[in-house]
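If you read the protein sequences in the order shown, they are chains D and A.
Per this note's numbering: the first sequence ends with 265, consecutive numbering throughout.
Per this note's numbering: the second sequence ends with 755, consecutive numbering throughout.
It cannot be assumed that every hint is accurate.
[Claimed, not checked] Computed spacing ranges between beta-carbons, pair by pair:
#1 D:L11 <-> A:G662: 31 to 37 Å
#2 A:E703 <-> D:S85: 40 to 46 Å
#3 D:N259 <-> A:S706: 43 to 49 Å
#4 A:Y620 <-> D:L31: 48 to 54 Å
#5 D:F17 <-> A:I640: 40 to 46 Å
#6 D:F17 <-> A:E703: 18 to 24 Å
#7 A:Y626 <-> D:F17: 30 to 36 Å
#8 D:T38 <-> A:I616: 46 to 52 Å
#9 A:A725 <-> D:G183: 43 to 49 Å
Derived by calculation from the structure, the hints in this document are not laboratory data.
For glycine and all other residues, C-beta sits at the position ideal for the given N, C-alpha and C.
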Amino acid sequence: MKNILLQLVLLVVLFFALWLGLSKIDWMELLNVNYLTSKTQLKLGELILDQIKNSGEEYHNPKVTLPLDSILTAICISNAIDRSQVQLHVIKSEEVNAFALPNHQLVIYSGLILETRNEAELSGVICHEIAHMELDHVMKKLIKEVGISVLISTTTGNSGSNLMVNILKTLSSTAYDRDLEGDADIRAVDYLLRANIDPIPFARFLRRIPESKSAIDQHLTWMSTHPDAEERAAYIIEFVGEAHGEYQPILSPVTWQNLQHQLK
Amino acid sequence: MNTITHFYYSPNEYESEKASNSYLMSLIAVIAGLPFPIINLIATFAFYLGNRKGTYFVRWHCTQALLSQFSLLLMNSVAFWWSVTVLFGSENLSNSFIAYLITVFLFNLTEFAATIYSTINTRKGLHVKWWFYGDLTNMICSS
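Can you build the whole structure from these sequences, using the hints too?
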């Protein structure tokens, strides 16, 4: 019996020693995994963005882009996120929608900015999408819904434009898994608190939009694709709890009003 | 790792074939069951149930084949579910994950080679005792 136990321990030790030893080798570097992933993301991001630009005009007006850039920069600095990696695109559309694309590209439709009542609500949505980027949800979702082989074929030019439309649809009009949405919400609240932005307006935004508009309103994409808004809002409020920081606005009230005015 | 020892008696032709088949069953199941590790265990367990009232030599080798599948089932199941969460869930591809897959592959390869060796030798009527699993089988399988 003693002999058997000793052999069992040896077998287990051998297994873990081999695993630990092999873990010391940088397989990601050796197999070029990071390089291939970033190259695929770069190409995919470019292709999808071209598709978006075909369907709606992008704002280049500094009165629109600068306030949003200020919010994004403040969030990135407070959370040690490389701002230069995140590319912001504001697209003219009535659709209340915002989404993250591969290669750290953040797309916000003007309809969503107009639907928010203050910068804290908009910051909440921005933080939620940045969280999806930082948690690597974007590629995971694409791999799950579209398939790795199809994604690679799009970047090598062996696919039709219909496929790009489907990929864009996947990223902009279908929700992430419940768990991923929950993770992104919690990370978003963390980002907001670190940036001294009140997270409660974000929760209120989640709660308010489905109440204020008809559920069949076709322009409310962000809300209809992010289900269980009430539950999520309650969860965010509970998560924030007693943590009331000294919240500071990033934009002046005049700048916020000008931003809304430019988009109307 | 594998040693050929004397059994308590000399098995006849029929017993050698049955004992050899218990290993052969797990080899076939490896091919059919990939990537689902449970298939392998089910196939070996079904063969074990069919032969549990067989002669001691047959029972002994069926038990050894079954026991070896248990430990593989554990490590292969972890590899399978870890791969699923990397592909579809929240886990990322990492050095630890790749190292785990290689480790599991090496253990499977060793087990595969040992199984082929045992299939051939038990068919000749030789008693093949595996390191650890042989002693464990001696403990479990009574004559």
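Subject >> Cβ distance range 46 to 52 Å for T38 (chain D) and I616 (chain A), holds or violated >> reply: Since T38 (chain D) and I616 (chain A) have Cβ atoms about 50 Å apart, the given range 46 to 52 Å holds.
Original post:
Taking the CB of Y626 (chain A) and the CB of F17 (chain D), does the distance hold inside 30 to 36 Å?
Top reply: 42 Å, violated
Original post:
CB of E703 (chain A) to CB of S85 (chain D), is that within 40 to 46 Å?
Top reply: This hint is violated: roughly 28 Å between Cβ atoms.
**OP:** Kindly confirm whether 43 to 49 Å is satisfied by the beta carbon distance between A725 (chain A) and G183 (chain D).
**Re:** 46 Å, holds
Original post:
Within 18 to 24 Å or not, the Cβ separation of F17 (chain D) and E703 (chain A)?
Top reply: Given a distance of about 20 Å, which is inside 18 to 24 Å, the answer is holds.
Original post:
Does the Cβ pair N259 (chain D), S706 (chain A) satisfy 43 to 49 Å?
Top reply: 46 Å, holds
**OP:** State, for the Cβ atoms of L11 (chain D) and G662 (chain A), whether the hinted interval 31 to 37 Å holds or is violated.
**Re:** 33 Å, holds
**OP:** Given the range 40 to 46 Å, decide if the beta-carbon distance of F17 (chain D) to I640 (chain A) lies inside it.
**Re:** Once the Cβ atoms are compared, 30 Å apart, the range 40 to 46 Å for I640 (chain A) and F17 (chain D) is violated.
**OP:** Take the C-beta atom of Y620 (chain A) and the C-beta atom of L31 (chain D), compute their distance, and say whether it sits inside 48 to 54 Å.
**Re:** Holds: the Cβ-Cβ distance is about 51 Å, inside 48 to 54 Å.
Comparing the model with each numbered hint stated earlier shows that hints 2, 5, 7 do not hold.
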